[in-house]
Amino acid sequence: MSTSVKTGHLKNHTSFIQTVKNSLTMAYRGILKIRRTPEQLFDVTLQPIIFTLMFTYIFGGAISGDVQSYLPVIIPGILVQTVISTSIVTGVQLREDMDKGVFDRFKSLPIARIAPLAGALLADTIRYTIATVLTFAMGYIMGYRPDGGFENVILSALLVIFVSWSVSWIFAFFGVIARTASSVQGISMLILFPLTFLSNAFVPVDTMPKWLQWFVNVNPVTHVVSAVRELTNTGTVGWDLGISLIGAVVIVAVFAPITVRAYMRRT
Amino acid sequence: MDYRVNSKQPNNGDWAVEAEGLVKIFGDNRAVDGVDMHVKAGTIYGVLGPNGAGKTTTIRMLATLLRADAGSARIFGHDVVKESQIVRQLIGVTGQYASVDESLSATENLIIFSRLLGLGRAESKKKAAELLEEFGLTEAAKRPLKNFSGGMRRRLDLAASLIAQPPLIFLDEPTTGLDPRTRSQMWDTIRRLVNTGSTVLLTTQYLEEADQLADRIAVIDRGRVVAEGTGDELKQSVGTSSLHLRVENQSDIENARQTVEQVLKVQATLTSEAAKITAPMANADLITDLLIALREKGITLSEVSVQKPTLDEVFLTITGHGVEDEKTKDTNRAEAVTV
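Respectively, the protein sequence lines represent chains A and B.
Take any residue in the first sequence, count from 1 to its spot, add 85: that is its number in our numbering.
Take any residue in the second sequence, count from 1 to its spot, add 1320: that is its number in our numbering.
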């Protein structure tokens, strides 16, 4: 057997195109997994239905006088709350996935290091899409007719999915550094619960005490909710949309690199 | 299947693996404590040792999965730390625990790995079908892996390591937990790999396996290489098989011992409570003479057995202490041949 010299085409780094290709393949793997175990979609199917019904009928009368006039307030609020909480599952599943032997093989392959993570996160946008569509559908059934029009509803849906994908990098980070899947769930809930409830998602901000108003107004979730409300209810694009997008990009810029680094260090 | 001539041949031909002074410390446990290893390209190299000796940790460092705390390693002349992405293009890794995706089917697994390695859609499909055929998994191709037996999983795992036809393949305990038939199938596959020009570095707990497959063997214990050489060299250092005799009548035992020493011309040891005589058996042909001599003296035997050198004995000889892992001991004892 010849052992001639031929290493000219071996490169020690991965190109951007290869990174994208690898990530898409890993996303394909994620989609295959969802197809194989559709029961993991229970939460994204049931949560929007139950939460939308529950919160609308419980708070509707108290906050806006009646259910009908509460719908434009609650649907964007519940949408953001539900879809962002769905992204916790990404971290939990990533943790479970990484405990399996297959991640050893991913690490030994000459692929972009970020691909197994990016792919998993990308595939999960399917979950966010399902949750988004179901929340809007529930709202429609209950009589919600957004004045912003269909295109703006689509735009707001894309915004929410993008924001959730960005936020899922935070939970992916926990997923990589945590020891067990249940601890990922625990830490993530602890962070997300205050963030989604200490916002304008369910209740007008001016009913809250001053000190709380300060927090609610800087809470990024508030800005996303306001952006969605503006889009769906009036069809306008305001500062809140800009702030939401910038916030999402910043989260990815911070958490994607540290997540990959932690993933690389983990053995 | 045709593996073709590897397109990614090493640049310095001679050494597939060169490792110097590899160290890995977990907490206060020096899992790998200064391992040197040189593997010639195109050969099978066996790393023999009990559980916890540092075999897997060593492989993981060579395969870029784990960073060494000290020392350095090169694969075909490429540093595993500085040129890790190049090294990954030259190696295939089959882990101790099947590194395939449980939730997917065999075909889906191979297609995804092929795609990750840069094969096109149609090419990946073709490659997957080819490998499944080669490893006798075609029938099970569409079934979810959850229903796969241990042997099938290992074969799929090995198939996945061969997609890119890497010039160096790491096999971490490729046959642990397999039944004898599947084990010998695995051995055939490994031999075939080397015939097509690949280099194989495998770890094993079985002396027999290392002996059967490997051109050279490194015996590793407590994170250090304690012996290195060809199978024959190692066995010579361990000694030969031993003969065990049990006499029917306790009073004959001293007489029997003398006969053994006379005929075999070796020192025999006596376990009186069991009426058992043990002697090293350098020349199997002398056994016939011994049995005739015993018959002539009217000594009746209740049991005769021959025991091959075990990993336990390799260890005892080389390190001065036995294998501490109970399970390993049992497996090796089971290899004793009863005549």
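Think of the hints as simulated: they come from the structure by calculation, not from any bench.
Beta carbons are placed, not taken as given, at the ideal position from N, Cα and C, and that holds for glycine.
Keep in mind that a hint or two might mislead.
To be verified - Simulated crosslink set (DSS-like; lysine-lysine; CA at most 30 Å straight-line):
(1) K185(A) <-> K1596(B)
(2) K1585(B) <-> K185(A)
(3) K106(A) <-> K1462(B)
(4) K1445(B) <-> K185(A)
(5) K1402(B) <-> K185(A)
(6) K1446(B) <-> K106(A)
To be verified - According to the in silico footprint, chain B covers these stretches of chain A (three or more CB under 8 Å from chain B):
(7) 98 to 111
(8) 149 to 162
(9) 176 to 187
(10) 329 to 337
Stated by the list, open to error - So these bits of chain A aren't anywhere near chain B, every CB distance computed over 12 Å:
(11) M139
(12) L277
(13) V290
(14) F300
(15) M349
The hints, checked one at a time:
no.: 1; hint: K185(A) <-> K1596(B); verdict: violated (50 Å)
no.: 2; hint: K1585(B) <-> K185(A); verdict: violated (57 Å)
no.: 3; hint: K106(A) <-> K1462(B); verdict: holds (25 Å)
no.: 4; hint: K1445(B) <-> K185(A); verdict: holds (24 Å)
no.: 5; hint: K1402(B) <-> K185(A); verdict: holds (27 Å)
no.: 6; hint: K1446(B) <-> K106(A); verdict: holds (20 Å)
no.: 7; hint: 98 to 111; verdict: holds (count 7)
no.: 8; hint: 149 to 162; verdict: violated (count 0)
no.: 9; hint: 176 to 187; verdict: holds (count 3)
no.: 10; hint: 329 to 337; verdict: violated (count 0)
no.: 11; hint: M139; verdict: holds (33 Å)
no.: 12; hint: L277; verdict: holds (27 Å)
no.: 13; hint: V290; verdict: holds (44 Å)
no.: 14; hint: F300; verdict: holds (41 Å)
no.: 15; hint: M349; verdict: violated (9 Å)
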